[in-house]
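There are 2 protein chains.
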Amino acid sequence: MTSLHFAEMEKKERKIMVAVDESQESMHALSWCITNLISETNKLVLLYVRPPSAFYSLDAAGYNFSSDVVDAMEKYSMHLANSVMERAEAVCRDLNATNINMERVVGVGHAKNVICSAVKKLEADTLVMGTHGYGFFKRALLGSVSDHCAKHAKCPVVIVKQP
Amino acid sequence: MTSLHFAEMEKKERKIMVAVDESQESMHALSWCITNLISETNKLVLLYVRPPSAFYSLDAAGYNFSSDVVDAMEKYSMHLANSVMERAEAVCRDLNATNINMERVVGVGHAKNVICSAVKKLEADTLVMGTHGYGFFKRALLGSVSDHCAKHAKCPVVIVKQP
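Protein chains in written order, with this note's numbering: chain A, 1 to 163; chain B, 1001 to 1163.
It should be emphasised that the hints constitute simulated quantities derived from the structure, not laboratory data.
Certain hints may be false.
Each pair of labels, with its calculated beta carbon distance range [said to hold, decoys possible]: (1) A:Y76 to B:V1105: 29 to 39 Å; (2) B:N1082 to A:M78: 51 to 61 Å; (3) A:L122 to B:S1077: 37 to 47 Å; (4) B:N1099 to A:V105: 32 to 42 Å.
Only part of the chain A face toward chain B is listed, based on derived beta-carbon distances under 7 Å [said to hold, decoys possible]: (5) W32; (6) A150; (7) P156; (8) V158.
The beta carbon of each residue, even a glycine, is placed where N, CA and C say it ideally should be.
With the rest of the complex left out, here is chain A:
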């Protein structure tokens, strides 16, 4: 605790939000965060965004999905959320970060909007996210969630690329 003193003095409890999804990139961003940003005065918020539900989607024949199909998709989506959260917690365990102050949050909607709203609502101090190495066309088509959040989230944003 010599030269670190200045930083320690300034540190209050900070909320670090990590956006996690099925990708390897987001797990890499999480481990970067644990290794570089998280300390005992911080709280880690794991945010997973489920896609908007399919109530208004149409099947191939132009009919609404039956409620059975919608239910099955909901169930699958919740299962996916749990599986991502469990994978994220495994990453924490692998880095011996077991006694971390952690919260799981699951949002529903379009990732870029939900992430920016969650930053505001939960008053996150820093947002950490991975970035998919999409090529030119896919990026042009889909836009980039990390680009959007870097511009619009109301806190510093860390973009972690897969090495």
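Using the hints, position chain B against chain A.
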């Protein structure tokens, strides 16, 4: 040193590069970095980018600038670099970060290219930069240095917005 143990174990000497310029935003990014990222195992690299020199520029009448004018511009640009570095060091002092392991680097060229090259050449582990809150037209015209670096720098990039 309780729950921090996991992170400390993982930490080697890391190089944190902060791109500084005349803007308040970049000084805010520097103080975020000192408060959140810098520890005694890290090295802080302050990078300032001077614009490319004016040898090929033309004055209003279409002539090359005289060597006197070029010299004066060079001198002014070096003076500006020094003044930004001094301001950055004042920010460190204000946060009591006086015994930080620090290096000053001045590059010449277009900011977005120089910053990405410097990350690669100096093997920075993290790049921290502010972002100018340009409006739509200025951003479309100038492009955004931080956008470019977030995409192309070969390390995690922290984009710190002025609150």
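Cross-check of the supplied hints:
Between Y76 (chain A) and V1105 (chain B) the beta carbons are some 51 Å apart, a value that contradicts the proposed interval 29 to 39 Å. Distance hint check: the CB atoms of N1082 (chain B) and M78 (chain A) are about 58 Å apart, consistent with the given range 51 to 61 Å. About 44 Å separates the C-beta atoms of L122 (chain A) and S1077 (chain B), a value consistent with the hinted range of 37 to 47 Å. The hinted range of 32 to 42 Å is satisfied by N1099 (chain B) and V105 (chain A), whose Cβ atoms lie roughly 39 Å apart.
Residue-level restraint check for W32 (chain A) holds (minimum Cβ-Cβ distance to chain B is 6 Å; threshold 7 Å). Evaluation of the A150 (chain A) hint against chain B yields a held restraint, the C-beta minimum of about 5 Å falling below 7 Å. At about 4 Å, the closest approach between the beta carbon of P156 (chain A) and any beta carbon in chain B falls short of 7 Å, and the interface hint on this residue holds. The restraint placing V158 (chain A) at the interface with chain B holds, with a minimum CB-CB distance near 5 Å, inside the 7 Å limit.
Hint 1 from the earlier list is the only one contradicted by this structure; the remaining hints agree with it.
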